[in-house]
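So the protein sequences, as listed, match chains A and B. Quick note on numbering: the working numbering labels position 155 of the first sequence as 278, and the sequence is numbered without any gaps. Quick note on numbering: the working numbering labels position 228 of the second sequence as 229, and the sequence is numbered without any gaps.
Keep in mind that the hints were calculated from the coordinates and are not lab data. Think of the CB as a built atom: it goes at the ideal place given N, C-alpha and C, for glycine as much as any other residue. Among these hints, one or two may not hold up.
Covered stretches of chain B, going by a simulated chain A footprint (3 or more residues, C-beta under 8 Å) [as the list claims (entries may be wrong)]:
#1 93–104
#2 119–132
Quick partial rundown of chain A residues pointing at chain B, CB under 7 Å, derived from the structure [claimed, not checked]:
#3 313
#4 319
#5 334
From the derived model, a few chain B residues whose C-beta atoms are all more than 12 Å from chain A [unchecked claim]:
#6 17
#7 67
#8 81
#9 107
#10 108
#11 111
#12 151
#13 184
#14 206
#15 209
#16 246
#17 269
#18 325
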Amino acid sequence: MSAISPEIAAAPALPDVLPPVKLRGKVGTFVNRYPTIAVGGVLLAAMVLIAIFAPLLFTVDPTALAPAKRTREPSALYWFGTDMLGRDIYSRVTYGARVSLLVGFSVALLASVVGTFIGVVSGFMRALDSVIMRVMDGLMSIPPILLAIALMALTRGSVQNVIIAISVAEFPRVSRLIRGVVLSLREQPYVEAAVASGTRVPKIIWRHILPNTLAPLMVQATYICASAMITEAILSFIGAGTPPIIPSWGNIMAEGRALWQVKPFIVFFPAVYLSITVLAVNLLGDGLRDALDPRLAKRL
Amino acid sequence: MSNMRPLLEVAGLKKHFPIYGGMFGTETARVYAVDGVSFDIAKGETLSLVGESGCGKSTVGKAILRLIEPTGGEVYLDGQRIDNIPLVRLRPLRQRIQVVFQDPFSSLNPRMRVRDILAEPLINFGLAHGRAEIDDRVAKLMDTVRLPRDAMRRFPHEFSGGQRQRIGIARALAPGADLIICDEAVSALDVSVKAQIVNLLSDLQDELGLALLFISHDLAIVEHLTHRVAVMYLGKIVELTDRRTLFAKSHHPYTRALLSAVPVPDPDAVRSRVILTGDVPSPINPPSGCSFHTRCPFAYDRCRIEEPELRTVGEGHQSACHLDHVPGGQVVPVPR
Chain A
124 MSAISPEIAA APALPDVLPP VKLRGKVGTF VNRYPTIAVG GVLLAAMVLI
174 AIFAPLLFTV DPTALAPAKR TREPSALYWF GTDMLGRDIY SRVTYGARVS
224 LLVGFSVALL ASVVGTFIGV VSGFMRALDS VIMRVMDGLM SIPPILLAIA
274 LMALTRGSVQ NVIIAISVAE FPRVSRLIRG VVLSLREQPY VEAAVASGTR
324 VPKIIWRHIL PNTLAPLMVQ ATYICASAMI TEAILSFIGA GTPPIIPSWG
374 NIMAEGRALW QVKPFIVFFP AVYLSITVLA VNLLGDGLRD ALDPRLAKRL
Chain B
2 MSNMRPLLEV AGLKKHFPIY GGMFGTETAR VYAVDGVSFD IAKGETLSLV
52 GESGCGKSTV GKAILRLIEP TGGEVYLDGQ RIDNIPLVRL RPLRQRIQVV
102 FQDPFSSLNP RMRVRDILAE PLINFGLAHG RAEIDDRVAK LMDTVRLPRD
152 AMRRFPHEFS GGQRQRIGIA RALAPGADLI ICDEAVSALD VSVKAQIVNL
202 LSDLQDELGL ALLFISHDLA IVEHLTHRVA VMYLGKIVEL TDRRTLFAKS
252 HHPYTRALLS AVPVPDPDAV RSRVILTGDV PSPINPPSGC SFHTRCPFAY
302 DRCRIEEPEL RTVGEGHQSA CHLDHVPGGQ VVPVPR
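All chains, full assembly: derive it from the sequences and hints.
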């Protein structure tokens, strides 16, 4: 036992370069597996927090006029500058998140509920199917933005009416999707087994059909949410959406339109907020589509 | 069995699928998936329905269950006609006929726990009330199909194919059925698991006195658990007899061909094989006369014109062939 045996002495030295540090823990594995969900979710959550806590985020009254301080450039006092009536654009954009998110989420929910109901009825009542689907084809043949403008022209401009108008334009797509899913689920052996086990139709729909439509529905709902936010901004931009008294991103951009070439920041900041929010929702939708894909679900 | 009616009687069952086409969506053709099938099953008996894929054997099972509406024919359960009664009145009778499907992956709802899958028929037929009683019944079902009781809290995707098929069998047993239709119930499983499930089915049959309608394309499996066999070809039964007769002295040339295709676990065995050429004819345009004449090595003029009736050729042995003997390849046409 005089010297160290050659084998031990020849043991390889530890590598100088360690493998890159991977994010650890449950959060880390989730981020590594679904980066788009993580990024989209964090951005959207940030936007939701901004909308909820708008009064606490160093904002002033977004409708307070100050004609003497109109069209100020962004500065330490007016972070995003002021518009031509001297209103603080940072406050207006922050409060505007409320309208966009409210419209986006409400339309996604309303269109999903109505579309799912019609899709299930259509998938289960074969006699009504062709009639319902022709009506849906008719609605879908009108570009959603035109349909929403037409509906807004019939009513008074309010957030509620905007939500209803955009939902009418969006729900036919959901009903189409759900009808297709229902038709394929009806042929599934587990549904046939449920029929053979004496399960009544309402319970089959509730326990066997609806839970299995959830994955494609969630993906579709996120896309509707994103497109509803854009549609709301367009409606406000052309003056057919929310009344000018409520700050929404579309309203702010509409008001800054005339000064676009000399004061581009009035349009720029609401546009950035809108882009980030729509991007976040779309990322979330893409991530969910991948995560909920049954072919990839086995990775769990 | 003279004055006692069989558990299930099927008489002249037909299922034609219309094909719509043309400018006005009118019916342009029909698929004669099942075209006049008759058989009966006694209590505790296994009848196997065998044939190539596409011959209509699964359609027979689904038409009996009214998962698809039969086009014609009659189905009696214990003497009560069930093919034409309204679905509302059929519902209580569904308790007596249950089904096990081929694919153990799509036959269980992926979003329901095993306990809820097995509880569903119990609740539907009012066989158990209250959480404790349902749990107790489900646990007993798990024992019956030899699955661990704690598995009832898990989801279907946590099980292997064979285990999932056991869950499917447990669901079929839950309402206390008299007849279970096994629609290719073991075809999707590996050989060793297949054997386990077949043994389970025959054990359950002995314990519970179940009747089985065993739909399969695999004669080697059928030989292990059946009492009688009905061979189907292109929507019709061509031969119906008990197992021993079928495997020893089958009559119909098609049955001979099927039997000769069953693998024998002896590499040196010398066998006379009946090789069929060509494909199964389309059920949209079935051949005239005997539907098998296009592939039958023994077909002669009469087969092309006249459709053979299912006739008695031995005790409890019916065959739909004009020939009286089809002995080992020699044809003896009967002068009539």
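Here is how each hint holds up against the structure:
Under the rule that three or more residues need a Cβ within less than 8 Å of chain A, the assignment of the segment 93–104 of chain B holds, with 9 such residues. Here's how the segment 119–132 of chain B fares: 4 of its residues keep a CB closer than 8 Å to some CB of chain A, so the rule of at least three is met and the hint holds. For residue 313 of chain A, the interface hint holds, since its Cβ comes within 7 Å of a Cβ in chain B; the closest pair sits about 4 Å apart. A hinted interface residue such as residue 319 of chain A counts as satisfied when its beta carbon comes closer than 7 Å to some beta carbon of chain B; here the least separation is about 5 Å, so the hint holds.
The closest approach between the C-beta of residue 334 of chain A and any C-beta of chain B is roughly 4 Å, which is under the 7 Å cut-off, so the hint is satisfied. With a cut of 12 Å on Cβ distances, residue 17 of chain B stays outside the contact zone with chain A, its closest approach being about 18 Å. For residue 67 of chain B, the requirement that its beta carbon stay farther than 12 Å from each beta carbon of chain A is not met, with the minimum near 8 Å. For residue 81 of chain B, the requirement that its beta carbon stay farther than 12 Å from each beta carbon of chain A is met, with the minimum near 16 Å.
With a least CB separation of 5 Å from chain A, residue 107 of chain B falls inside the 12 Å interface cut-off, contrary to its annotation. A cut-off of 12 Å between C-beta atoms contradicts the statement that residue 108 of chain B is not in contact with chain A; the least separation is 4 Å. Distance check on residue 111 of chain B: its Cβ comes as close as 7 Å (rounded) to a Cβ of chain A, failing to clear the 12 Å threshold; non-interface status is violated. A cut-off of 12 Å between C-beta atoms confirms that residue 151 of chain B is not in contact with chain A; the least separation is 21 Å.
Chain A draws residue 184 of chain B into its interface by the beta-carbon criterion, the shortest separation being 9 Å against a cut-off of 12 Å. Every C-beta of chain A lies more than 12 Å from that of residue 206 of chain B, the closest at about 19 Å, which supports listing it as non-interface. With a least beta-carbon separation of about 17 Å from chain A, residue 209 of chain B lies farther than 12 Å from that chain, consistent with its non-interface assignment. Taking the minimum C-beta to C-beta distance to chain A, about 32 Å, the non-interface status of residue 246 of chain B holds against the 12 Å cut.
Residue 269 of chain B, annotated as away from the interface, keeps every beta carbon of chain A farther than 12 Å; the closest lies near 42 Å. Here residue 325 of chain B stays apart from chain A, with its beta-carbon at least about 42 Å from theirs, past the 12 Å limit.
Checked against the numbered hints given earlier, this structure breaks hints 7, 9, 10, 11, 13; the rest are met.
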